[in-house]
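Chemist: Here is what each chain is made of, one letter per residue.
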Amino acid sequence: MTNAEIGVVLLSLRIAALVVVVSIVPGVLTGWLLARWRSPLRFVVQGVVMLPLVLPPIVTGYVLLEALGRQTWLGRAWHELTGTHLSYSTTACVVAAAVVGFPLLVESVRLAVLGVDERLEVVSRSLGRGRSSTFLRVTLPLALPGVLTGAVLAFARALGEYGATMVLAANVEGQTRQIPLAVAALLNKPGQDAAVTRLVVMSVALSFAALLGAAACSVWQRRRRGAR
Amino acid sequence: MARHGTTSDIARQIAVWAALLLASCGSGDEDGLVVYAAASLTDVAEKLVGGEGRVAVGASSALARQILEGAPADVFVSASNHWVDVVAGAGWAAGEPRVLARNRLVCIAATDSALVGVLPGDLAAALPPDARVAIADEGVPAGEYVRQSLAATGDLAALRPRLVGQADVRGVLAAVAGGHVDAGFVYRTDALASDRVVVLFELDPTTHAPVEIVGLALTAEGVELLATWSAVPARAILREAGFGVGHP
Amino acid sequence: MITADVTHRFGGFTLDVSFESSGPVVGVFGRSGSGKSTLLSAIAGVVRSPVARVNVDGVTLADRPGGVWLPPDKRGLALVTQDPLLFPHLTTRGNLTYAPGADAALTSDRGRQIVDVLRLEPLLDRNAAVLSGGEQQRVALGRALLSEPRMLLLDEPVSALDGELAREVLALLLEAKTTLGVPMLFVTHRASELLALADDCLVLDDGKLVAQGPPIDVLSRPRDVGVAKLVGVDNLLRLRVVEHDERAGITHLDLGAGLRLASPFCAAPVDTLVDIGVYAEDVILCRRAPDATSARNTLAATVTSLDAIDREVLVGLELGATPIRVRVTAGAVAELDLRLGEPLVALIKTTACHHLSERR
Numbered sequence: 018m019t020n021a022e023i024g025v026v027l028l029s030l031r032i033a034a035l036v037v038v039v040s041i042v043p044g045v046l047t048g049w050l051l052a053r054w055r056s057p058l059r060f061v062v063q064g065v066v067m068l069p070l071v072l073p074p075i076v077t078g079y080v081l082l083e084a085l086g087r088q089t090w091l092g093r094a095w096h097e098l099t100g101t102h103l104s105y106s107t108t109a110c111v112v113a114a115a116v117v118g119f120p121l122l123v124e125s126v127r128l129a130v131l132g133v134d135e136r137l138e139v140v141s142r143s144l145g146r147g148r149s150s151t152f153l154r155v156t157l158p159l160a161l162p163g164v165l166t167g168a169v170l171a172f173a174r175a176l177g178e179y180g181a182t183m184v185l186a187a188n189v190e191g192q193t194r195q196i197p198l199a200v201a202a203l204l205n206k207p208g209q210d211a212a213v214t215r216l217v218v219m220s221v222a223l224s225f226a227a228l229l230g231a232a233a234c235s236v237w238q239r240r241r242r243g244a245r
Numbered sequence: 095m096a097r098h099g100t101t102s103d104i105a106r107q108i109a110v111w112a113a114l115l116l117a118s119c120g121s122g123d124e125d126g127l128v129v130y131a132a133a134s135l136t137d138v139a140e141k142l143v144g145g146e147g148r149v150a151v152g153a154s155s156a157l158a159r160q161i162l163e164g165a166p167a168d169v170f171v172s173a174s175n176h177w178v179d180v181v182a183g184a185g186w187a188a189g190e191p192r193v194l195a196r197n198r199l200v201c202i203a204a205t206d207s208a209l210v211g212v213l214p215g216d217l218a219a220a221l222p223p224d225a226r227v228a229i230a231d232e233g234v235p236a237g238e239y240v241r242q243s244l245a246a247t248g249d250l251a252a253l254r255p256r257l258v259g260q261a262d263v264r265g266v267l268a269a270v271a272g273g274h275v276d277a278g279f280v281y282r283t284d285a286l287a288s289d290r291v292v293v294l295f296e297l298d299p300t301t302h303a304p305v306e307i308v309g310l311a312l313t314a315e316g317v318e319l320l321a322t323w324s325a326v327p328a329r330a331i332l333r334e335a336g337f338g339v340g341h342p
Numbered sequence: 002m003i004t005a006d007v008t009h010r011f012g013g014f015t016l017d018v019s020f021e022s023s024g025p026v027v028g029v030f031g032r033s034g035s036g037k038s039t040l041l042s043a044i045a046g047v048v049r050s051p052v053a054r055v056n057v058d059g060v061t062l063a064d065r066p067g068g069v070w071l072p073p074d075k076r077g078l079a080l081v082t083q084d085p086l087l088f089p090h091l092t093t094r095g096n097l098t099y100a101p102g103a104d105a106a107l108t109s110d111r112g113r114q115i116v117d118v119l120r121l122e123p124l125l126d127r128n129a130a131v132l133s134g135g136e137q138q139r140v141a142l143g144r145a146l147l148s149e150p151r152m153l154l155l156d157e158p159v160s161a162l163d164g165e166l167a168r169e170v171l172a173l174l175l176e177a178k179t180t181l182g183v184p185m186l187f188v189t190h191r192a193s194e195l196l197a198l199a200d201d202c203l204v205l206d207d208g209k210l211v212a213q214g215p216p217i218d219v220l221s222r223p224r225d226v227g228v229a230k231l232v233g234v235d236n237l238l239r240l241r242v243v244e245h246d247e248r249a250g251i252t253h254l255d256l257g258a259g260l261r262l263a264s265p266f267c268a269a270p271v272d273t274l275v276d277i278g279v280y281a282e283d284v285i286l287c288r289r290a291p292d293a294t295s296a297r298n299t300l301a302a303t304v305t306s307l308d309a310i311d312r313e314v315l316v317g318l319e320l321g322a323t324p325i326r327v328r329v330t331a332g333a334v335a336e337l338d339l340r341l342g343e344p345l346v347a348l349i350k351t352t353a354c355h356h357l358s359e360r361r
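Residue numbers (the working numbering), protein chains in the order written: chain A, 18 to 245; chain B, 95 to 342; chain C, 2 to 361.
Misleading hints may appear alongside valid ones.
Here are the in silico distance ranges between beta carbons for each label pair [said to hold, decoys possible]:
| id | chain 1 | residue 1 | chain 2 | residue 2 | range |
| --- | --- | --- | --- | --- | --- |
| 1 | A | VAL218 | C | PRO72 | 54 to 60 Å |
| 2 | A | GLU97 | B | PRO255 | 36 to 42 Å |
| 3 | A | VAL221 | C | GLY13 | 54 to 60 Å |
| 4 | A | GLY230 | C | PHE14 | 27 to 33 Å |
| 5 | C | PHE14 | A | GLN88 | 54 to 60 Å |
| 6 | B | ASP137 | A | VAL71 | 29 to 35 Å |
| 7 | C | ASP17 | A | THR89 | 55 to 61 Å |
| 8 | A | TRP90 | B | ASP137 | 31 to 37 Å |
| 9 | C | GLY59 | A | TRP54 | 33 to 39 Å |
| 10 | B | GLY126 | A | ALA226 | 32 to 38 Å |
| 11 | C | ASP272 | A | ASP134 | 56 to 62 Å |
| 12 | C | ASP163 | A | VAL221 | 53 to 59 Å |
| 13 | A | LEU204 | B | GLY248 | 42 to 48 Å |
| 14 | A | GLY230 | B | GLY126 | 47 to 53 Å |
A few chain C residues that don't get close to chain A, going by computed Cβ distances all over 12 Å [stated by the list, open to error]:
| id | residue |
| --- | --- |
| 15 | THR8 |
| 16 | SER23 |
| 17 | ASP292 |
| 18 | SER295 |
Selected chain C positions facing chain A (Cβ under 8 Å, derived; list incomplete) [stated by the list, open to error]:
| id | residue |
| --- | --- |
| 19 | LEU80 |
| 20 | GLN83 |
| 21 | ALA322 |
Everything labelled a hint here was simulated from the structure, so no lab data went into it.
Where is the CB? At the ideal position from N, CA and C, for every residue including glycine.
Sequences are here, hints too, so could you generate the full structure?
Modeler: Below, the structure is given as C-alpha cells:
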C-alpha cells in the first residue's frame with residue numbers, strides 16, 4: 018500500500034472512532050428513553066432518529082449541509098466557536114457518519130434496554146437507589162452487550178459511509194478522503210485497478226472485523242440472558 | 095370444489111399481473127434509444143434526444159465504466175476524448191467518434207461574491223483564509239482539465255489546500271450556487287445554466303487539452319441518432335446552451 | 002404503624018382503600034385481581050395514584066393531592082417479590098450491599114444477625130445467577146433487610162413457590178419477624194400464610210377493603226358471605242330459621258328431611274333465610290352417636306363422595322337434604338371404614354356454625 022492509501026485508511030479509522038466517541042452517550046440516552054418512556058411522543062422521536070436509516074444518504078447529506086453549511090446560523094456559530102468551517106472538514110465526516118449511524122446505535126441500545134427486566138429497576142428504586150443511580154448500576158450494565166453491539170455497528174457504518182459524506186464533506190485530500198471516497202475517485206481514473214483492489218480489500222476486512230465484534234457482543238448478551 | 099377453484103383463480107391472477115409487469119419492463123427497453131451523457135450536458139441532452147430515447151447523465155468516467163460493464167447504451171456522449179478512447183478500445187464502438195461541440199472552463203462564484211473582478215493568477219491570494227474552492231474529482235474530465243491548467247499556470251500548489259472534490263461538475267455548481275464554497279471550476283455551459291453564479295474568469299484554453307464533447311455510437315441505431323446531431327437544429331440547441339460549435 | 006389511603010384507577014378497575022394498622026406485620030389478603038398488588042405498588046410509590054396518602058411510623062411518604070410524593074427510593078420501603086429478582090450481574094455480596102449504606106450494615110451486629118438468620122454466609126461469594134430458588138429468595142430478603150427499611154413490602158413472597166421451598170421461606174419470614182422485629186406488609190392469597198405471619202389482616206375484594214382484623218378472627222368468623230368466600234370457608238349453607246331458643250342461645254335451622262341444625266342465636270325472624278359457614282375440619286364423624294357430647298348437633302348423615310387430597314380426604318355428606326364437606330385424615334377414613342352410601346353420625350358444635358349474613 019502507498020503512503021496515500023495508508024493515510025486514507027488511518028483517516029477512515031480515526032473518523033469511525035470519533036463517530037463512536039461523540040454518539041455513544043446521546044445514543045445510549047436516546048435508546049434508553051425510547052425503551053422506557055411511556056408517552057406516545059416517543060414514536061415521533063423514534064421516527065426522527067430512525068429517519069437517516071431509510072432516507073437516501075445523499076438526501077441526509079443535503080439536509081445536513083443546509084443545516085450546518087456556513088450560510089446557516091448553526092454553521093456560523095460553529096465558525097465563531099472554532100474559527101473553522103464545519104462543511105468539507107474532518108468534523109463534517111464525523112457528523113455525517115454519526116447521523117447516518119445513529120439509528121443503528123439507538124435501536125441496538127433500545128432493544129437491549131427492553132431486554133432488561135423492568136422489575137429489577139423497581140427493586141433497585143425501593144432499595145434506595147435513585148433513577149440515575151439505578152440506570153448506571155442496573156440498566157446500563159445489563160444492557161452493555163447491546164450498547165457495544167450498537168457502537169460497533171455505528172463504527173462499521175462510519176467506515177462505509179459515502180452518500181451523506183460526499184455532500185457534507187466532499188473529497189478533500191487528507192481531511193475527508195476516506196476509503197469509500199478514495200475508491201470512488203480511483204474508479205474514475207484509468208489503470209488504478211490495483212489501488213482499488215487494495216482499498217477494497219482493506220474496507221472489506223475492517224468491516225468484517227467490526228461485524229465479527231458485533232456478533233461476539235450479541236453472543237455475550239444471549240449468554241447473559243440465559244444465565245439469569 | 096369451490097376451495098380449489100378459488101386458489102387457482104388467485105394463482106392465475108398473480109400470473110397475469112406478473113406477466114404484465116414483465117411486459118412493461120421489456121417494452122421500456124424497446125421503446126427508444128438510451129443515451130449516456132456527461133453531466134455537463136444535463137440540460138441539452140434531453141433536447142437533443144427529444145422523444146427518441148432516454149438520457150442517463152453522470153461523470154463521463156462513471157458512464158464509461160458502466161458501458162464497459164455492459165450497460166445497454168446506444169450512444170455515449172463524453173466530455174473527454176480519453177473515455178471515448180477507452181470505450182472504443184474495448185471494442186464497444188459501432189462507428190467513429192464524432193466531435194459534437196467544444197466547451198470552455200471557467201471559474202465561478204456566487205453572484206454576490208467579493209471575488210468578482212479577480213484576475214486568473216490572483217485567485218489564491220484573493221481568497222479569504224478559510225475559503226474553499228470546489229473542483230470535480232480527479233479522473234472526472236472537468237477535474238483533470240482544471241488541474242492540468244492550474245498546474246501549467248503555476249497556481250495549483252497554492253490552491254491545492256483549498257480544493258474540495260465533488261463527484262462531478264454539477265456537484266461543483268451546486269456547492270457554489272448554495273454558498274457552501276467560495277468559488278468553483280465548471281464548464282462555461284454550466285455557469286450559464288444557473289443564475290445564482292457569475293463567471294470570475296475563463297481558464298486559458300491553451301493551458302489544457304481541448305474540451306471536446308465527443309459522441310460515440312455503440313449500436314447501429316446509435317449511429318443514425320448521432321448523425322442527426324451534426325444537422326442544423328441540433329447545432330442550434332448546442333449553441334444556445336453556450337457550447338462552441340464549429341462549422342461543418 | 003402504617004396508615005394509607007389510596008385511590009387508583011386503571012381500565013375499568015378502581016382501587017379505593019383506606020386503612021390504619023399497628024401491625025407490626027400486616028397481611029393483605031385477596032384473590033388475584035382484587036387490587037392487593039396495586040395497593041402495594043401505590044404504597045411503595047411505584048405507581049402514581051391520584052389519591053395516595055401513606056404514613057409509616059409517623060413519617061409522611063405521600064400526601065396526594067396534598068403535594069407530597071416521595072419517590073420510591075426515598076421511602077425506605079424495601080420490596081421483595083415472588084421472583085427473587087436478584088441483580089444477575091452481581092455476586093451475592095454485591096446484591097446484599099446494593100442499597101446505599103448496606104456495606105456498613107452488613108458488618109454491623111444487626112447485619113451479622115441478618116446473615117445468621119438467613120444463613121447467607123456460605124452464599125456470599127457466589128454468583129447470584131447460579132443460586133437455587135430458595136437461596137435466591139434468602140438473598141433477596143437479606144438485600145431488603147440490609148437496606149434498613151422502615152418496613153418490608155412483600156408481594157406474594159411465598160405463594161408462588163413449591164411446597165418445600167414455600168415452607169422454607171415462610172419459616173425464614175417468621176424468624177425474621179420474631180428475631181429481627183421488622184415491620185412488614187405482605188400480600189398473599191393464602192389463608193395459611195396470614196395465620197402464620199400476620200398480626201393484622203386486610204381483606205380486599207374488587208378494589209375495596211371488606212374486612213380487617215386479627216387473621217384468626219377474619220378467617221374463622223368471616224363477617225359476611227363475600228369475605229367467607231374469599232377466605233375459603235368450606236361450607237356455606239343458606240338455611241331457613243325454624244325457631245329461636247334465646248335462653249339456650251340457639252337458633253334452629255332447617256336442614257331438610259326433618260333435620261335441624263343448632264346455630265348460635267341470631268335475630269333473624271322465623272322462616273327467613275340465613276347464611277351459615279362451617280369449616281370442613283370443624284365437623285366430627287362417628288360410626289354411632291356418642292352418649293353425651295358438648296356438640297349440640299348430632300346428625301344422621303350419608304356419605305356421598307370421598308376425594309383424596311394429599312394425605313387428607315374430603316368426605317361429601319348429606320345432612321337431611323343439605324350437602325356438606327368434611328375434611329379428615331386418610332387414617333380416619335381407614336379406621337372408620339368409610340364407604341359411599343354408608344350411614345354415619347356427624348357432630349357439629351353450635352359455635353362452629355358461623356353466621357355470615359348478619360351484615361347490618
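Chemist: Please settle this one: C:ASP292 was flagged as non-interface, so is its CB more than 12 Å from every CB on chain A?
Modeler: C:ASP292 is indeed farther than 12 Å from all Cβ atoms of chain A, at 61 Å.
Chemist: A:VAL221 and C:GLY13, beta-carbon distance inside 54 to 60 Å?
Modeler: 59 Å, holds
Chemist: Starting from the range 32 to 38 Å, see whether the pair B:GLY126 and A:ALA226 falls in it by beta-carbon distance.
Modeler: Violated, at about 48 Å.
Chemist: Taking 27 to 33 Å as the stated bounds, is the beta-carbon spacing between A:GLY230 and C:PHE14 within them?
Modeler: 48 Å, violated
Chemist: Is the nearest Cβ of chain A still more than 12 Å from the Cβ of C:THR8?
Modeler: 21 Å, holds
Chemist: Quick check for students: does the CB of C:SER295 sit more than 12 Å from each CB in chain A?
Modeler: 51 Å, holds
Chemist: Quick check for students: does the CB of C:SER23 sit more than 12 Å from each CB in chain A?
Modeler: 23 Å, holds
Chemist: Are A:LEU204 and B:GLY248 spaced within 42 to 48 Å by their CB atoms?
Modeler: Between A:LEU204 and B:GLY248, where Cβ atoms are some 30 Å apart, the hint is violated.
Chemist: Given C:LEU80 was flagged as interface, is its beta-carbon under 8 Å from a beta-carbon of chain A?
Modeler: Check passed: Cβ of C:LEU80 comes within 4 Å of chain A, closer than 8 Å.
Chemist: Range hint 55 to 61 Å: satisfied by the CB atoms of C:ASP17 and A:THR89?
Modeler: 57 Å, holds
Chemist: Within 47 to 53 Å: is that where the Cβ-Cβ distance between A:GLY230 and B:GLY126 falls?
Modeler: Given about 50 Å between the Cβ atoms, the range holds.
Chemist: Please test the hint of 54 to 60 Å on the beta carbon pair from C:PHE14 and A:GLN88.
Modeler: This hint holds: roughly 58 Å between Cβ atoms.
Hint violations for this structure: numbers 2, 4, 10, 13, 20, 21, all remaining hints satisfied.
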